[in-house]
Amino acid sequence: MAGAASGAIMEEDYFGSAAEWGDEADGGQAGGSPENVIQLLSENYTAVAQTVNLLAEWLIQTGVEPVQVQETVENHLKSLLIKHFDPRKADSIFTEEGETPAWLEQMIAHTTWRDLFYKLAEAHPDCLMLNFTVKVGGALHSYCRSSDIEGWWSF
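Using my numbering, the first residue of the sequence shown is number 5, and each one after it goes up by one.
Any given hint could be a false lead.
To be verified - In silico lysine-lysine, BS3-like type, Cα no more than 27 Å apart, as pairs:
| # | residue 1 | residue 2 |
| --- | --- | --- |
| 1 | K82 | K93 |
| 2 | K123 | K87 |
| 3 | K139 | K93 |
| 4 | K139 | K82 |
| 5 | K93 | K123 |
| 6 | K87 | K139 |
| 7 | K123 | K139 |
As the list claims (entries may be wrong) - Now the in silico label distances, taken between C-beta atoms and shown as ranges:
| # | residue 1 | residue 2 | range |
| --- | --- | --- | --- |
| 8 | F98 | L59 | 28 to 36 Å |
| 9 | H114 | L58 | 33 to 41 Å |
| 10 | L63 | L85 | 20 to 28 Å |
| 11 | E100 | K139 | 15 to 23 Å |
| 12 | R92 | W62 | 31 to 39 Å |
| 13 | E101 | V68 | 33 to 41 Å |
| 14 | T66 | T104 | 37 to 45 Å |
| 15 | T99 | L63 | 35 to 43 Å |
| 16 | E100 | N48 | 18 to 26 Å |
| 17 | G67 | E103 | 41 to 49 Å |
| 18 | Y49 | Q110 | 30 to 38 Å |
Hint data in this document are derived by calculation from the structure and do not stem from the laboratory. Quick reminder that beta carbons are idealized off the backbone N, C-alpha and C, glycines included.
Construct all of the structure, not just a fragment, from the sequences and the given hints.
Okay, structure coming up:
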């Protein structure tokens, strides 16, 4: 169930599914008890995003430039995404969401992630999500360049 997955609380629809997995009538994992829900959450939460943010803050406090910290984190994330990318899971985004997720649109608008999508699309030419993303990203990029408004979407 959703609540038992590591880091599930970070999911956008988490609180909608939390009611389901805590309810005894639905066979929820936590047995309906608030104490069991809290225990299940705390056992499965790893705080990866928060740990990265904390480490980034520490680096900045030691004198590392924020831009350098951001580039380091982004480059590491890119290498992890390239290494662990699963085209089937990526394609399932559209079948599960039913529409283009807002986070995907935000990533397309960011030069770093748009470039990653291009690289992944070369490695996985049959991935529908990547093909869609490259088309949308290319159209957006062309529009912004022709309209001389590149700056508004390049962070």
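Please work out if K93 and K123 have their alpha carbons no farther apart than 27 Å.
17 Å, holds
Range hint 31 to 39 Å: satisfied by the CB atoms of R92 and W62?
Holds, at about 37 Å.
Has the given pair, K139 with K93, been kept, meaning a C-alpha gap of at most 27 Å?
Holds, because 19 Å separates the two Cα atoms, which is no more than 27 Å.
Mind checking the hinted window 41 to 49 Å against the Cβ distance between G67 and E103?
About 44 Å separates the Cβ atoms of G67 and E103, which means 41 to 49 Å holds.
Agreement of K87 and K139 with the hint, judged by alpha carbon distance not exceeding 27 Å
23 Å, holds
Taking the Cβ atom of E100 and the Cβ atom of K139, is their distance within the range 15 to 23 Å?
20 Å, holds
Need the status of pair K123, K87: alpha-carbon distance at most 27 Å?
12 Å, holds
Is 33 to 41 Å right for how far apart the beta carbons of E101 and V68 are?
Holds - the Cβ-Cβ distance for E101 and V68, about 37 Å, lies within 33 to 41 Å.
Supplied distance hint 37 to 45 Å, evaluated on CB atoms of T66 and T104:
Since T66 and T104 have Cβ atoms about 40 Å apart, the given range 37 to 45 Å holds.
At the C-beta level, are E100 and N48 separated by a distance inside 18 to 26 Å?
Given about 21 Å between the Cβ atoms, the range holds.
Straight-line Cα separation of K139 and K82 no greater than 27 Å?
20 Å, holds
Can the suggested window of 33 to 41 Å be confirmed for the beta-carbon pair H114 and L58?
23 Å, violated
This entry does not satisfy hints 9 and 18, going by the numbered hints stated previously.
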